[in-house]
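Asker: Heads up: the protein sequence lines correspond to chains B and G, in order.
Under our numbering, the residues of the first sequence are numbered 1 to 167, in order.
Under our numbering, the residues of the second sequence are numbered 1001 to 1502, in order.
Simulated from the structure, these hints should not be mistaken for lab results.
These numbers come from a predicted model, not from an experiment.
The reader is advised that the hints may include incorrect statements.
BS3-like, lysine-lysine: derived pairs with alpha carbons at most 25 Å apart [stated by the list, open to error]: (1) Lys93/B to Lys1389/G; (2) Lys93/B to Lys1427/G; (3) Lys1294/G to Lys1247/G; (4) Lys126/B to Lys1385/G; (5) Lys15/B to Lys1385/G; (6) Lys1385/G to Lys135/B; (7) Lys1428/G to Lys1389/G; (8) Lys93/B to Lys126/B; (9) Lys15/B to Lys1427/G; (10) Lys93/B to Lys1247/G; (11) Lys1385/G to Lys93/B; (12) Lys1389/G to Lys135/B; (13) Lys1244/G to Lys126/B; (14) Lys1244/G to Lys1294/G; (15) Lys93/B to Lys161/B; (16) Lys1427/G to Lys1389/G.
A few chain B positions that, by computed beta-carbon distances, are all more than 10 Å from chain G [said to hold, decoys possible]: (17) Ile20; (18) Gly29; (19) Tyr37; (20) Leu72; (21) Arg73; (22) Val91; (23) Val97; (24) Gly112; (25) Trp133; (26) Leu153; (27) Leu159; (28) Lys161; (29) Leu163.
For glycine and all other residues, C-beta sits at the position ideal for the given N, C-alpha and C.
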Amino acid sequence: MPRREAEDESTERMKYRDIISALFWAALGLAVAWGGYRLEIGTLHEPGSGFMFFWVGLIMVGLSLSILIQALRRPGVAHELKEVFWTEIRVAKILAVLLALTLYAYLFTYLGFILSTFLLLVFLFKAVEPQTWVKAILAAIITTLSAYGIFNLWLGSQLPKGLLGLG
Amino acid sequence: MDLLHYLGIGFSVALQPVNLFYCFIGVFIGTLIGVLPGIGPVGAMSLLLPVTFQSTPEAAIIMLAGIYYGAMYGGSTTSILVNIPGEAASVVTCLDGYQMARQGRAGPALGIAAFGSFIAGTLSILGLMLLAPPLSQIAIRFGPPEYFTLMVLGLTILIYLAHGSMPKALIMACLGIVLGLIGLDSINARPRFTFDRIELIDGVGLVPIVMGLFGISEVLLNIERTTEREIFQTKLKGLLPTGKDWKESAGPIGRGSLLGFFLGILPGGGAVISSFLSYALEKRLSRRPERFGKGAIEGVAGPEAANNAATGGAFIPLLTLGIPPNVIMAMLLGAFMIHGVTPGPLMMKQNPGLFWGVITSMYIGNLMLLILNLPLIGLWVQVLKVPYKILFPLILLFCLIGVYSVSNSVFDIYVMIVFGVVGYLMKKFEYEGAPLVLAFVLGPLLENNLRKSLIMSQGSFAIFFTRPLAAASLIIALMLLISPLIPWLRQKREEIPKEEVS
């Protein structure tokens, strides 16, 4: 069965990624348990604020160890991380989109909804897939104004006015 | 006849013009996002949640529920025409639906999907009406131990049914509980894990988490590779299935409805699992199973009926116990809470208009969907042709506005971006988002009921084993959790979704 073979291959490829994620969760689980301990675990008669955190954190550590052990037992494929994670993937585009979103959040109240949304949309229309400037700007204007109309004027969302005093 | 009386109350609410309008908007948007890739019902519901702030609770829930079952309809259209399922519950519909389209029978395939969905949706609403009242009566007697163990069982079933590794799904549930508990302690009002940020005192918002995990991450995954989608060029003629089609589909629709309804009550992807099981069942019952995968109409009718019936079933735990069985119901629970209504056994008595109004609106909504889907199919095909480079900035923008308008806080936008990255990495590392979100919603309830139970029992865990329902729930949950350790059972679990389909 080809499907089964494909799955085996994929589980093999997961070895190093499982190890990384298991270590991450173990660390996080420890931090949560420690935080719970500091918040006061309380007693079984009267569980405290940190009771759930402490025990859930410890359970996370236990579970991540079981993922780790399972992963260590599997045969690994060399260069798995590099091959699977970074090839064929347009990492730069993803980072660019994330950066644009973060900048948008940062400038949102300062520039106001209309200006910041317009800039974000021009970037998104233009940067990820090639498109002419005219098309990108036109699409951004239309989208910004329609969104403003729908959300601010019709539905009454409180979108920030910002620099231009619009909105 | 009490039921007729309640139905009267329900229709008097659902037929109010404003509620009809919200119902229409809900099913329309539901169909739209069912057709569009990259945004699912969960994302759309969180997007529209802020829109409902000014409306009555009835209108809000009616619209959000409409999105849910509307998406089930819309999802089948893309499965049949493009061989790309609009959402997970329509994956099986691709198998025979797309083959039917290739043979020039796209019309009857779309038609039977719409009619099958309508019939199943209607049947499951009838089931909901009959089952919910007696269950509410029983649920009134539940105490903290019963609630705690039922929630544990619900989460466990969801985890059991999750794809892939069970420890991974369990870790996601743990993370969800931890995130859900951030904020003030409900018992002594002490801030927990707030890192001295005022924004975290009320806890992390459900909407930014869901939008990040299901909206932003999906966009990120889609832009990392460009996929060109080809729409099967076919003339859509004769949407009405023939008499022979009906004869072949009647059984599958009936069986699919029953299967979907009962699996829908159980937590964890009822719609998805029931569509797969219905396909497997029909193939096994068929006298000519070799036709499956080559355009058998039963393979479209059964699963489409099942996934719609599951939506009705899924309302039962939410409306009678206040426990959401899946992520979408968790969103609805959030919506109820925002409007100051607590779903649960008392809701039927305290809020009969809302309870029955929502149920009867689903009946009206199903009718609207039938009208929307059959004549407007050409419009949905046009929507499919919108290229992704135009679509994804719009999806991102909707997410941004949606998250901001829930709380008017930029902090929530950051939370959404962070969870977008988390969701993206989760896909890469093969972790599932559903257990996280459900546990996030259940976390505070779980903790509260656990602590109350322990206070009640003076620190003895025996309270969970001496009360029959609590004990039964815990034992089933434990059995499910240890079952992967037994090789034979593990194999069975892995086979469930794939069985007979390949």
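Asker: All hints are to be evaluated individually against the structure, with a verdict given for each.
Answerer: Results of checking the hints against the structure:
1. Lys93/B to Lys1389/G: Status holds; Cα separation ~13 Å.
2. Lys93/B to Lys1427/G: holds (18 Å)
3. Lys1294/G to Lys1247/G: holds (18 Å)
4. Lys126/B to Lys1385/G: With Cα atoms ~20 Å apart, Lys126/B and Lys1385/G stay inside 25 Å; holds.
5. Lys15/B to Lys1385/G: violated (39 Å)
6. Lys1385/G to Lys135/B: Since the Cα atoms of Lys1385/G and Lys135/B sit roughly 18 Å apart, the hinted pair holds (cutoff 25 Å).
7. Lys1428/G to Lys1389/G: holds (23 Å)
8. Lys93/B to Lys126/B: holds (11 Å)
9. Lys15/B to Lys1427/G: holds (15 Å)
10. Lys93/B to Lys1247/G: Since the Cα atoms of Lys93/B and Lys1247/G sit roughly 52 Å apart, the hinted pair is violated (cutoff 25 Å).
11. Lys1385/G to Lys93/B: holds (23 Å)
12. Lys1389/G to Lys135/B: Holds, at roughly 12 Å.
13. Lys1244/G to Lys126/B: With a Cα-Cα distance of about 51 Å, the restraint between Lys1244/G and Lys126/B is violated, given a limit of 25 Å.
14. Lys1244/G to Lys1294/G: holds (17 Å)
15. Lys93/B to Lys161/B: Answer violated: Lys93/B to Lys161/B is near 30 Å, above 25 Å.
16. Lys1427/G to Lys1389/G: Status holds; Cα separation ~22 Å.
17. Ile20: violated (8 Å)
18. Gly29: Gly29/B is in fact no farther than 10 Å from some Cβ atom of chain G, at 7 Å.
19. Tyr37: Consistent with the label, Tyr37/B stays out of reach of chain G, its closest Cβ about 12 Å off (over 10 Å).
20. Leu72: holds (14 Å)
21. Arg73: holds (13 Å)
22. Val91: violated (8 Å)
23. Val97: violated (7 Å)
24. Gly112: Per Cβ check, Gly112/B is outside 10 Å of chain G; nearest 12 Å; holds.
25. Trp133: holds (15 Å)
26. Leu153: holds (13 Å)
27. Leu159: Per Cβ check, Leu159/B is inside 10 Å of chain G; nearest 7 Å; violated.
28. Lys161: holds (13 Å)
29. Leu163: holds (15 Å)
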